[in-house]
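Protein chains in written order, with my numbering: chain A, 9 to 440; chain B, 9 to 440.
If you're looking for bench data, these hints aren't it; they were derived computationally from the structure. A hint or two may mislead.
A pair holds if it fits inside one copy or across any two, identical chains being indistinguishable in the list.
To be verified - Only pairs whose alpha carbons sit at most 20 Å apart, straight line, appear in this in silico SDA-like list of lysine to any residue: (1) K50 x E366; (2) K295 x G334; (3) K161 x A377; (4) K84 x T261; (5) K256 x T16; (6) K161 x N102; (7) K170 x E255; (8) K14 x D78.
From a predicted model like this one, the values you see are computed outputs, not experimental measurements.
Protein chains: 2
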Amino acid sequence: MKVTKKFTLPESEIPTQWYNIVADMPNKPQPLLHPGTRKPIKAEDMEGLFAKELAKQEFSTERWHEIPEDVRTLYKIYRPSPLVRASGLEKALNTPAKIYFKNESVSPVGSHKLNTAIAQCYYNAEQGITHLTTETGAGQWGSAMAVAARHFKVGLDVFMVKNSYNTKPYRKIVMRTYGANVHAVPSPDTEYGRAVLAKDPTCLGSLGMAISEAVEMAVHSDNARYTLGSVLNHVLLHQTVIGLEAEKQMEMTGDYPDKVIACFGGGSNFSGISFPFLRHNFLDGKKTRFMAAEPAACPKLSCGKFEYDFGDTEGLTPLIPMYTLGHDFQPAQIHAAGLRYHGGGQIVSQLKKDGLIESYPIDQRETFAAGITFAQSEGIIPAPESTHAIALVIREALKDKAEGRDETILFNLSGHGLLDMAAYEQYMDGKL
Amino acid sequence: MKVTKKFTLPESEIPTQWYNIVADMPNKPQPLLHPGTRKPIKAEDMEGLFAKELAKQEFSTERWHEIPEDVRTLYKIYRPSPLVRASGLEKALNTPAKIYFKNESVSPVGSHKLNTAIAQCYYNAEQGITHLTTETGAGQWGSAMAVAARHFKVGLDVFMVKNSYNTKPYRKIVMRTYGANVHAVPSPDTEYGRAVLAKDPTCLGSLGMAISEAVEMAVHSDNARYTLGSVLNHVLLHQTVIGLEAEKQMEMTGDYPDKVIACFGGGSNFSGISFPFLRHNFLDGKKTRFMAAEPAACPKLSCGKFEYDFGDTEGLTPLIPMYTLGHDFQPAQIHAAGLRYHGGGQIVSQLKKDGLIESYPIDQRETFAAGITFAQSEGIIPAPESTHAIALVIREALKDKAEGRDETILFNLSGHGLLDMAAYEQYMDGKL
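Given the sequences, and given the hints that come with them, work out the whole structure.
This is the structure:
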């Protein structure tokens, strides 16, 4: 039997609109609250920090948002991304399940993060903003922002946790190559950073500190704004290009997903692949299950409480109604740095509360074993984040085998792991 | 004006045959000679070292070779690769030239090397060979072999120059992740390696030593063969999938290349993109120019002598009629490790001798500058090898600008540079 491996779309099929799931949710997300007054905040309240259009999208209840032509043009560098039949993995597992994955690792920075980086830089540039700041942990988000900022001729300062800056030097050089300024956090370049360094010159930083420095620089610079790579509604909105393309590609296969699986950090790749299909559960009576693969070290959806909490460690952001492990929760130093966030965000948390999505915590040893199985059967080494999705896929496909069920599983390969090989080595050497 | 960015082909358009340029060369390459007798050698003489079918291909004068279905199936993981309009680079250079590139960096190991690794592992496995050996410098070839060997369930030992083993640790882990054994050369695992270590325990190895160890292990192991990633005729043959796809894709653009440009190490990516187009010079009166971009540190085609020389440092291989800097030539430690080979191979050298292709030596500072221009305008960080092609493209495109000429340039992006970021850092820090 010949199996088609890749289902590809022409550039003309890059979506022209992003999908906003808020329009179709049975229960809308509860409002963000001002941390002082505890009153609902509005788009205008966020315009000092984010581009106007992004702040507007954050509060939108419109179902569809036009994708600007300049954004679609830049998407053409790597989009539409292929939908791939994981025939090698199916064979390795000897499962009757049909496994497909959306390959977001084909972006030039190696992950799905570029989908929203391009949009965010575009709206800022359109508004005349000349300088952007952001933070990055492992560096995937910072790399994506570096490419996009360069294209729209906007300056970019990336605040990178010093621990990653030292241990993942390649990501830092990638950002520099694209033209970004990269600071090791805590840095001597902000008041907050200098204060931290004064207390502890050997401090290796945290994502919370990086946010504080990036926000400070944005607020205190002329004509500058801050950007964020996950959690927020406008970020999830932009990522729906993943699922909208996958919908068309699944049609080409003749199958429809019984399960959609993605790893879960702040929700951007999970929402990107899930929401367009979840819409068909809402509107067309489909019964697809949506399964978030969380790190056991940071299982906010599986083990967190649903409550109002801050988005950052310092407590500077609006209060977000979400599943959270507490804004001061410090997860273990797992290799999937992109999944080490304490909260589930406003939309995803409401969906989880309403029983419309599921979540599963997975230990990183299981995920690296899954990553190696995938590399050896499909040829692609997955990012440590993406190995969580693959581990859950393997669990489900083996259940299908035991129960003789030929269901269709779709998962999102959010990125490749070529810059994370040290983590694989530790796993292979039994050091995890 | 809207520019189509990527020209993509469906899987059904993966070539069904490789193209052998020997059939159409006005002057055939001179024969390989036995180093002892200096008499022409035959396919049978090479069957102890290489799979029978590969040895046969090495001496073939047939124009077309059927691509086995199992090889085409594995090609589907990443082929057909996209042809891309470099509209960002054109804009950055403000040139009237139309620049296209074939993007071979989309392979899961990041380079074109997989095109022949798959074929070589297939033929060995078909013959019942259970174990393969090879050497690798920077690790691109070893990584490709690791993926392919795993797929065909053939064991693989890769001998990696110790200097690279130490300074490019990620490549080594990539190979391990796919299941290969990786040895740092000189290694304690062969007689030759042990002899070298006895003399100099701190020796950091060389490609010549790595070949000697890989050949020794192949010859002294049961049911094993050796494999090579460039230079040889059968390797060039397999790489013609690049140009055969590009031919169809250039038709989609409505343009035809006036110049085809690729970097040149042992000739595999240069031949892969060039030969299918060169055939139209031979058969259809086209006037395309074929331009090899060589490192100034190792300019075999530009500055070498045409003479019979050994393929390896030790003098174990047949004598090859080729442009060579001498088999004991030690090029400087440039970052484009894949271009540090002393000879041009049998076919390419004959073509150069007959004035059918051209070559240009380029200093690595110019190539890294070109690599950064490309990264910032096209979003993709090129491999140090590929930056040589880009530097030559930029030279030509700027000439076109000066002379107001809108010619069409096609080049091969042989790989991405995500595992070579240390080299970019050295360049940016002014340390090259």
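The hints, checked one at a time:
For a Cα distance limit of 20 Å, the shortest separation of K50 from E366 qualifies neither inside one copy, at 30 Å, nor across copies, at 64 Å. In this homomeric assembly, K295 and G334 never come within 20 Å of each other (Cα to Cα): the closest approach is 33 Å inside a single copy and 69 Å across copies. When the C-alpha separation of K161 and A377 is checked against a cutoff of 20 Å, the pair qualifies only between copies, where the shortest distance is 19 Å, while the shortest distance within a copy is 42 Å. Proximity of K84 and T261 under a CA criterion of 20 Å is satisfied inter-copy only: 16 Å between copies versus 23 Å inside one chain copy.
Proximity of K256 and T16 under a CA criterion of 20 Å is satisfied in both settings, with 10 Å inside one chain copy and 17 Å between copies. In the homo-oligomer, the alpha carbons of K161 and N102 lie at most 20 Å apart only across protomers (16 Å), although the nearest pairing inside one protomer, at 50 Å, exceeds that limit. Taking the shortest alpha-carbon separations for K170 and E255, neither the intra-copy value of 40 Å nor the inter-copy value of 48 Å comes in at or below 20 Å. Within a single copy, K14 and D78 get their C-alpha atoms only as close as 27 Å, which misses the 20 Å cut-off; across copies the closest is 16 Å, which meets it.
Checked against the numbered hints given earlier, the structure breaks hints 1, 2, 7 and satisfies all the rest.
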